[in-house]
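Chain order of the listed sequences is C and G. Sequence positions in the first sequence follow this note's numbering and run 456 to 817. Sequence positions in the second sequence follow this note's numbering and run 456 to 817.
No wet-lab data here; the hints were simulated from the structure. It is possible that part of the hints are untrue.
Here are the computed lysine to aspartate or glutamate pairs in the EDC-like style, where the Cα-Cα straight-line distance is at most 16 Å [stated by the list, open to error]:
1) K814/G <-> E631/G
2) K574/G <-> D725/G
3) K522/G <-> D504/G
4) K815/G <-> E769/C
5) K514/C <-> E698/C
6) K814/C <-> E769/G
7) K697/C <-> D709/C
8) K693/G <-> E497/G
9) K801/G <-> D758/C
10) K505/C <-> E527/C
11) K814/C <-> D795/C
12) K610/G <-> E714/G
13) K639/C <-> D795/C
14) K670/G <-> E714/G
15) K571/G <-> D767/G
16) K815/C <-> E769/G
17) K768/G <-> D787/C
18) K786/C <-> E769/G
19) K697/C <-> D685/C
20) K588/C <-> E635/C
21) K805/G <-> D758/C
22) K768/C <-> D787/G
23) K786/G <-> E684/C
24) K786/C <-> D725/G
25) K805/C <-> D758/G
26) K814/G <-> D557/C
27) K571/G <-> E723/G
28) K715/G <-> E769/G
29) K801/C <-> D758/G
30) K715/C <-> E640/C
31) K786/G <-> E769/C
32) K786/C <-> D758/G
33) K786/G <-> D767/C
There are 2 protein chains.
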Amino acid sequence: MLYCLIIAGGKGKRFWPKSRIKNPKQMLSVATRKTMIEDTLERLKPFIDKKRIFVITNKEQVPTLKKLVLLERKKIIAEPLSRNTATAIGLGAVLIKKENPDGIMVCLPADHIIRKKTKFRKVLSLAASIARKENALVTIGIKPSYPATGYGYIKVQRAKGIGHRAKREKKVFQVERFVEKPKKEDAEKFLRSGNYFWNSGIFVWRASVILEAIKEHLPQLYSGLMKIEDCLKTKQRKEVIKEVYKGLKSISIDYGVMEKARNVFLIEGDFGWTDLGSWRAFWEFHKKDEKGNVCRGKSVHIDTYNSVIIGDKERLTAVLGLSNLVVIQTKDATLVCPQDRTQDVKLLVKEISKRRGMKKFL
Amino acid sequence: MLYCLIIAGGKGKRFWPKSRIKNPKQMLSVATRKTMIEDTLERLKPFIDKKRIFVITNKEQVPTLKKLVLLERKKIIAEPLSRNTATAIGLGAVLIKKENPDGIMVCLPADHIIRKKTKFRKVLSLAASIARKENALVTIGIKPSYPATGYGYIKVQRAKGIGHRAKREKKVFQVERFVEKPKKEDAEKFLRSGNYFWNSGIFVWRASVILEAIKEHLPQLYSGLMKIEDCLKTKQRKEVIKEVYKGLKSISIDYGVMEKARNVFLIEGDFGWTDLGSWRAFWEFHKKDEKGNVCRGKSVHIDTYNSVIIGDKERLTAVLGLSNLVVIQTKDATLVCPQDRTQDVKLLVKEISKRRGMKKFL
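Bound-form chain C, shown alone:
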């Protein structure tokens, strides 16, 4: 039986001022008219029942999320603190295993763009069948189309000994190693070699299998998770989760488990995947007008090229004589920065967090 854990962990930094702590990227309409989390749920509809979908998120985001996702309250898991993906996935696995000891879980970031929905479902089905048959940890990799420095990479080799149709289709690989976001030169090498995929952060496995892997590679996390499991049906649940989280280190599932585990496979996710990581990526993704601009809301511009101008409905945004710029308006804030600095918007957010009386802008 297929379950899904949607990981909605964004902190709302990279798409500031549109994204905020309480309203991060997954709750924005970045790609379509719907929010990314709504699109993510929509995409699962034909093959994973709503009753088997969990969303894990920061407790700050729960109120907004509840309005968007129309899931039962108990399907929305509120983390008291952010402790990265290993912890979030571990907690999700505990809950799913409780519901179905043999359940397969798909771990899905809430803020990805996926253009080809049917292919997406096919890839996940294939991943689920391998996870089931091989008791394997399956990760979805994306064939690089350019030497991106904003994604992690996964080095693979041909999968041996998997008696599966997919192998013949050359979609299944054995994982050799995980590589952090590389420098430009390395990214170019990876692209040329053909043995590297982008790490999409989408994983498929039995809840019981990932918990076993956590037990082996992150024993401290495992014992915390067991404490939580013991009191899931008690009144102390919230208290215990908070206590356990406080004592945990922040570690990603990639570094904490995947890099060390043996039975890791990669399946190529050829379903039109994009993880917009910055306003520049937003510009790259969207259709441009004849001057190369992506404009929304009320705006006027003269001699302005290759820019993103997001006004709002009431306020007029006027730009004159600038190129490769990003201007983002929200009700209470404005961002102005060049496209090639959009990866540093988080520095602005950090600066704002230090200023007295500016908390409300985070």
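Position chain G relative to chain C; hints supplied.
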């Protein structure tokens, strides 16, 4: 007896979005905490009685102006249409002559910055005495401090035959010709020659003398003014002014009268004069922080230099990695442009005026 005609004719284009049709530069706090028109009136207080001060403006600006200037309603002259300075000054002269046939009028733009108030009064007193004794048209010139291309110039020669203390002080000159805003090369020549002054647009003369000069050089305007004079005390006054204005050409006092008149003198106005003509000039005028920025309101910036950032009280303006920029926020609009394009802000205003549903931003 000294009268003053304050010419508040701005259309609110160059300092958009702070300046608007109904709230142009003279009604903004550009240099001090007070609006420019308030500063202008304040400056006159010690030597021209409020009862002898008139303000001439577009009818759109009357409501805002009334709140600011605390003059009697009849001292605020509302022009039904904009017909440039010759018309405005002509109408002012008619009104002042009616009150005092021998009255001397100081014509003063409402949106100048003047740092040395005592010197300012001394210069105007000197100008008034020459205007009275010589029946002359007196203009105040500013010694150029750099080769400005944004001001008109006046070429002078030493004044001969004026038996006046000021001549000995080398402050009074005879005007040779008026020069329109020059190109850079010419401006540099003017600066080097030492015989050129900036045209401040401040004039002093007998109301009767300027009307005589208008009669000679702009007879059509003169006959219109006489029609207005005839009905000043009648109910038809407003109607007649409107009718006369419709038939008039738009012409400045410089080109319409001053260039052609003979008895024109220039007095050096060494009173710390500035006419801020753009957001760049605003930046040049104000004190900068250690990064060369002039910031107001709520703002955060990183790697940003030599820029103007005007936020407002509520909205946060965040700028990252840009230099020589101007970002101006108002309640309903935002301007983003490089400093070297601020003279083209009027193009944006023109563009906005063409757009459906954007009139409210003018």
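Subject >> Structure versus earlier hints - violations, ascending order >> reply: Hints 1, 3, 7, 8, 11, 15, 20, 23, 24, 26, 28, 30, 32 contradicted; others consistent.
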